[in-house]
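**Q** Spelled out, the chains give:
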Amino acid sequence: MQGPLIDTLARYGVSRRSFLKYCATLASMMALPPSAGRAMAEAMAAAPAAAKRPSVIWLPFQECTGCTESITRSHSPSIEGMIFDMVSLDYQETLMAAAGHQAEEALHNAMKENEGKYLLIVDGSVPLGLDGAYSCIAGKSNLEALKEVAKGAAAIVAMGSCAAYGGIPKANPNPTGAVSVSDVIKDKPIINIPGCPPIPVVMTGVLAHFLTFGSLPEMDKLGRPKAFYGETIHDRCYRRPFYDQGKFAKTFDDEGARKGWCLFELGCKGPVTYNACATVKWNGGTSWPVESGHGCLGCSEPDFWDGGGFYKALSMPADPLKVVAGAVAVGAAAGVAVSFANRAKKSGAKGGHETTTLADLEK
Amino acid sequence: MSLADIPVIQGVASSLTGNAPILLREIAEHLRRLLDCGETAAIDLQALPLTPADRAWLRERLGNGEIRVALEAEGQSTLEETGCQGVWWVTHHNEKGAVVSEFIETAFVPELVKAHPDDVQSGLEHLELLISDLC
Amino acid sequence: MSATLEKGVRVLKEVIDAPIASYFNSCVHCGLCAEACLFYTETGDPKYTPIHKLEPLRRVYEQEYTLLGRLKKLAGLSKPVTDAELGEWQELVYNSCTLCGRCSVVCPVGNDIVYMVRKLREGMSASGNAPDGIKGAVNRTVTIGSPMGVKLPAVKAQMKHVEEDYGIPIPLDAEGAEYMVMLSSMEIINFPEYLGAIAKIMQQAGKTWTLCSTAFEATNAGMQIGNSDLARVIVSRIVDGAEKLKVKTVISPECGHAYTALRWEGANLIGRPFTFQVKHIIEVLGEFQEQGLLKTEGFETDKLTFHDPCQLARRGGVIQPQRNLMKMVAKNFVEMPDPGFINWCCGGGGGASAIEEGEELRIEAFKKKKSQLDAVKPDRLVTACANCRIVLEEGLEHYQMDIPVVGLTEMIAEHIPEKGA
Amino acid sequence: MNEMQFLTWVRGTGLNIAVGIFLLGVIWRLIEIYSLGRKKDLSAPRNVPGASGWHTVFRRSMPPKDMGMVKKSPVSYIGGYVFHIGLAVVVFLFAPHIKFIESVVGLSWPGLPSQFVDLVAVITIAAMVVVLADRINKPVKRYLSTFEDWFTWTVTFLPVLTGWMAVQHLLLPYTTMLALHILSVEILLVVLPFTKLFHAFTVWGSRYYNGAVNGHKGVAV
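Those protein sequence lines, which keep their order, are chains A, B, C and D. Numbering-wise, the first sequence is residues 1 to 363 according to this note's numbering. Numbering-wise, the second sequence is residues 1 to 135 according to this note's numbering. Numbering-wise, the third sequence is residues 1 to 421 according to this note's numbering. Numbering-wise, the fourth sequence is residues 1 to 221 according to this note's numbering.
What the hints contain is simulated information worked out from the structure, not anything from laboratory work. Even for Gly, the Cβ is constructed at its ideal location relative to N, Cα and C. Treat each hint with caution, since some may be false.
Said to hold, decoys possible - Straight-line alpha carbon distances no greater than 20 Å define the calculated PhoX-like cross-link-like pairs of lysine-lysine that follow:
{"hint": "1", "chain 1": "D", "residue 1": "Lys71", "chain 2": "C", "residue 2": "Lys368"}
{"hint": "2", "chain 1": "D", "residue 1": "Lys138", "chain 2": "C", "residue 2": "Lys47"}
{"hint": "3", "chain 1": "A", "residue 1": "Lys363", "chain 2": "C", "residue 2": "Lys246"}
{"hint": "4", "chain 1": "C", "residue 1": "Lys368", "chain 2": "D", "residue 2": "Lys40"}
{"hint": "5", "chain 1": "A", "residue 1": "Lys363", "chain 2": "C", "residue 2": "Lys72"}
{"hint": "6", "chain 1": "A", "residue 1": "Lys345", "chain 2": "C", "residue 2": "Lys135"}
{"hint": "7", "chain 1": "D", "residue 1": "Lys72", "chain 2": "C", "residue 2": "Lys367"}
{"hint": "8", "chain 1": "C", "residue 1": "Lys367", "chain 2": "A", "residue 2": "Lys346"}
{"hint": "9", "chain 1": "A", "residue 1": "Lys346", "chain 2": "D", "residue 2": "Lys40"}
{"hint": "10", "chain 1": "A", "residue 1": "Lys188", "chain 2": "A", "residue 2": "Lys250"}
{"hint": "11", "chain 1": "A", "residue 1": "Lys312", "chain 2": "A", "residue 2": "Lys250"}
{"hint": "12", "chain 1": "A", "residue 1": "Lys350", "chain 2": "D", "residue 2": "Lys71"}
{"hint": "13", "chain 1": "A", "residue 1": "Lys188", "chain 2": "A", "residue 2": "Lys247"}
{"hint": "14", "chain 1": "A", "residue 1": "Lys221", "chain 2": "A", "residue 2": "Lys188"}
{"hint": "15", "chain 1": "D", "residue 1": "Lys72", "chain 2": "C", "residue 2": "Lys47"}
{"hint": "16", "chain 1": "A", "residue 1": "Lys350", "chain 2": "C", "residue 2": "Lys7"}
What the hints assert, rightly or not - Computed from the model, here is a short list of chain D residues facing chain A with C-beta under 7 Å:
{"hint": "17", "residue": "Gly20"}
{"hint": "18", "residue": "Pro63"}
{"hint": "19", "residue": "Met67"}
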């Protein structure tokens with residue numbers, strides 16, 4: 001295993017073994033077989049070092065900056081940092097030193113200089129209501145900005161559930177008319193990295209892939225990288241054996257909860273949530289929601305906010321059954337009505353009874 | 001109410017699931033292949049539905065061997081030979097000490113331990129520099 | 001000459017009740033009832049599946065008494081029951097059903113299929129689709145007094161013969177007697193020994209009994225054809241006679257349907273409970289046996305088996321007494337396969353034996369009885385129903401099996417010691 | 001509509017509609033059927049222990065004694081038992097189902113390990129396929145069968161199949177399969193009161209009537 005990347009890393013004081021270790025861990029996180037770690041290391045090491053670092057433009061729309069927080073927290077001065085250092089982040093409102101006209105200028109310069117080659121990262125949803133007036137930057141609506149910047153982009157990364165699906169701004173009743181990036185842009189490759197917030201390493205994984213192969217990784221039909229969203233939380237959950245044994249925590253403070261039993265009955269959405277939390281974990285591998293005793297909210301799935309309640313088991317009705325009393329009443333009314341009609345018919349038949357005589361046996 | 005009053009039972013959150021004994025058979029199969037055709041293999045422990053108790057059970061069964069390699073590279077890594085020679089327990093930590101990945105490898109010597117020729121070359125160059133300095 | 005489809009459907013509307021509604025809604029078309037019906041098992045023709053025989057009744061129920069059925073009928077989506085269809089169904093409702101009730105015993109959802117066949121016959125008869133053979137029997141019962149046209153003088157002649165042969169007086173219209181004995185016309189014509197047997201048994205038991213000049217015939221073809229109005233006419237004669245003579249108990253003869261008509265349907269036909277009890281002669285003999293009023297001597301030594309009449313056993317609840325009586329007089333009594341409660345019909349019950357055009361099917365169905373008899377190989381076959389006896393004799397003759405059929409009551413009487421001997 | 005919206009719809013609006021029609025149908029049909037009433041039997045009863053409607057309600061759950069019916073129609077009996085018991089186990093002893101029932105009616109009981117329920121589901125599916133084959137092969141069953149028989153088999157089979165496939169992650173993503181599973185159950189609920197599937201309710205009444213009518217005669221059917 002040798003190549004420009006190894007040399008670059010060596011210059012930064014990162015050893016070959018460190019890189020191997022990182023790749024083994026990344027493969028494990030991406031739920032790939034251990035052998036894939038080595039293959040990835042070979043591929044990435046052999047990738048030609050870009051003469052010029054690729055440009056990245058990051059546009060924030062209706063968002064809470066949680067996604068940015070999540071990504072920046074992954075910046076330990078390590079290999080991940082190296083990979084981030086391999087790009088040129090030309091516009092990122094939260095992080096950039098420039099402000100006002102200077103910032104706008106940086107944006108336009110980056111767009112002009114790297115036309116057709118830059119990577120556009122979007123976090124936040126795009127409001128369509130009131131002609132987009134709900135969210136504007138530099139006098140431009142998010143819709144206009146997105147269309148303008150997307151035009152020259154090589155690919156778009158929709159960062160977080162808001163950009164990927166509309167997210168919380170789109171939650172019922174969606175007052176701003178929020179939509180996802182893919183609802184607006186139809187002619188560019190878009191990759192969704194949903195989550196509220198998304199897992200940082202997914203972003204680095206996608207970046208690494210983009211850097212290594214110049215393309216977006218394989219995606220599922222919701223446009224998510226398969227490596228991270230290929231399996232459900234439930235299937236990779238360390239509490240899964242308890243589900244299979246039928247051992248469930250019934251409340252957050254009962255015996256079962258303390259023994260770490262399955263949180264299905266407390267509303268865990270793990271079975272229908274495709275994400276890598278169970279393997280990658282959060283905060284440098286410290287823990288993740290289920291490990292800390294709370295069910296999965298399903299934040300990497302579309303419309304998770306309107307999924308019928310975070311604390312309702314998946315097999316429970318999403319809406320309360322309001323129809324019971326009404327249905328019983330209508331059913332009873334229908335039944336009684338038919339029974340009256342039947343009784344009338346029957347007594348009619350009885351009343352019309354002509355006593356049969358022998359002659360009546362013949363037609 | 002103080003924090004101490006909250007009755008959290010540490011470590012109970014894991015009991016045996018019965019998944020660990022199955023792994024022993026898989027490891028044995030990998031070892032057979034290592035002997036037959038020199039093929040190495042690794043099992044990603046984080047990819048399996050194992051509780052901490054399962055892992056502890058497995059670790060205990062496999063036992064401790066004679067070699068323990070500590071690797072300092074972006075956090076510590078340990079490569080421990082288990083009581084079954086040829087079976088290595090590999091744990092990677094990050095700089096904060098958290099476990100980032102954990103494998104059971106079957107190999108005569110884990111690949112990570114071996115030095116790469118390029119690095120040996122660098123080592124040789126460094127050594128030659130040292131020698132030239134002596135003169 | 002006034003039977004019409006409209007009348008038939010109207011009668012069906014009258015007889016459909018909650019049990020029928022429940023049964024039709026429960027049927028899952030599992031077809032197990034076919035396995036219980038000898039007309040299916042012996043022919044293998046699926047049209048003889050009991051529940052299928054009720055198809056016209058089911059449609060009337062659905063179209064008249066369910067909301068969806070009514071709507072479908074309004075929208076013209078349902079197939080109305082036609083006269084031609086009922087005509088076609090005659091074979092299924094009469095010829096190939098003896099009301100034996102085996103289907104009602106096996107149905108896993110608990111449908112009482114024979115209950116429904118009985119009700120469907122009401123509509124069949126009112127629409128003029130009953131078989132001619134049973135119509136004739138009803139006609140003779142209502143006009144002459146018995147299905148075979150037997151009149152009182154014939155009974156009196158029979159009484160005289162018996163009195164001479166046995167030297168025991170036969171009481172007629174004796175008011176206040178404990179028992180009123182009924183006869184079936186088959187017994188009057190074909191099996192006169194029955195009356196003599198009763199005389200001997202009553203004498204030994206020291207019971208008072210009588211025949212009734214206005215009600216000697218027990219059989220009820222009105223019930224077999226399935227017409228409650230005519231069945232009521234027939235049963236009322238017996239009720240009137242019994243009440244006039246103030247008897248305590250009316251004894252139904254060795255005839256299955258006579259027993260059902262009188263014991264279970266009678267009170268419902270006349271619309272009030274009886275003031276007297278009704279018992280089958282086998283029940284009475286069983287009681288005498290238990291009370292020590294029946295003493296016999298000697299034993300039959302040949303191999304005997306017993307054919308349970310359906311209406312007595314499965315449909316009437318009398319199963320053990322006949323066995324106790326058999327053991328009293330027979331050394332070599334062997335049970336048939338499927339005895340008692342689960343017996344197979346002779347093939348001629350429920351009026352079927354009166355249907356000429358059904359004979360071929362009846363003979364085919366008799367193969368079931370034949371196989372049972374082949375399994376036992378008895379020297380003689382005992383039963384307690386004159387109709388079974390006739391049908392069995394016909395079947396045995398057709399298959400050239402030399403097995404005489406005897407009535408249980410007569411056989412018991414033969415073992416009663418002569419008085420003073 | 002994406003798969004999560006589909007799932008949320010079947011868990012919410014769809015379930016409301018289905019449960020509504022089911023309850024409405026059951027109540028209406030029960031009243032429609034049993035309000036027809038029956039005449040009192042005026043004949044003198046013969047009282048025999050074991051001969052009553054209630055006895056028959058239970059007794060009819062077993063094949064009739066000594067009649068050799070199981071031998072004559074083994075598929076109907078064995079297949080029937082296996083698939084009815086299998087359905088009961090899968091429906092009432094699978095933990096997520098218990099949770100559903102608890103959330104609707106407030107009653108809860110312990111479930112069985114999911115691997116066991118999974119095995120039962122496979123056996124149930126097999127049994128249902130066998131009874132279907134029997135319906136096609138046996139002359140009597142084929143003769144009696146109408147569109148309704150094939151239709152009700154299908155709507156009963158689909159929930160088991162989709163449920164099992166969802167758990168096994170077969171063919172479609174779990175979310176979609178789960179939504180299809182719930183939808184198939186809703187279809188089952190909607191058609192149940194108006195087809196022969198209503199025997200689930202009337203079977204008890206039918207057995208009772210049969211037992212009562214014959215029990216009056218002292219015959220324990």
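**Q** Which of the listed hints are not met by the structure?
**A** 3, 4, 5, 6, 8, 10, 12, 13, 18 and 19
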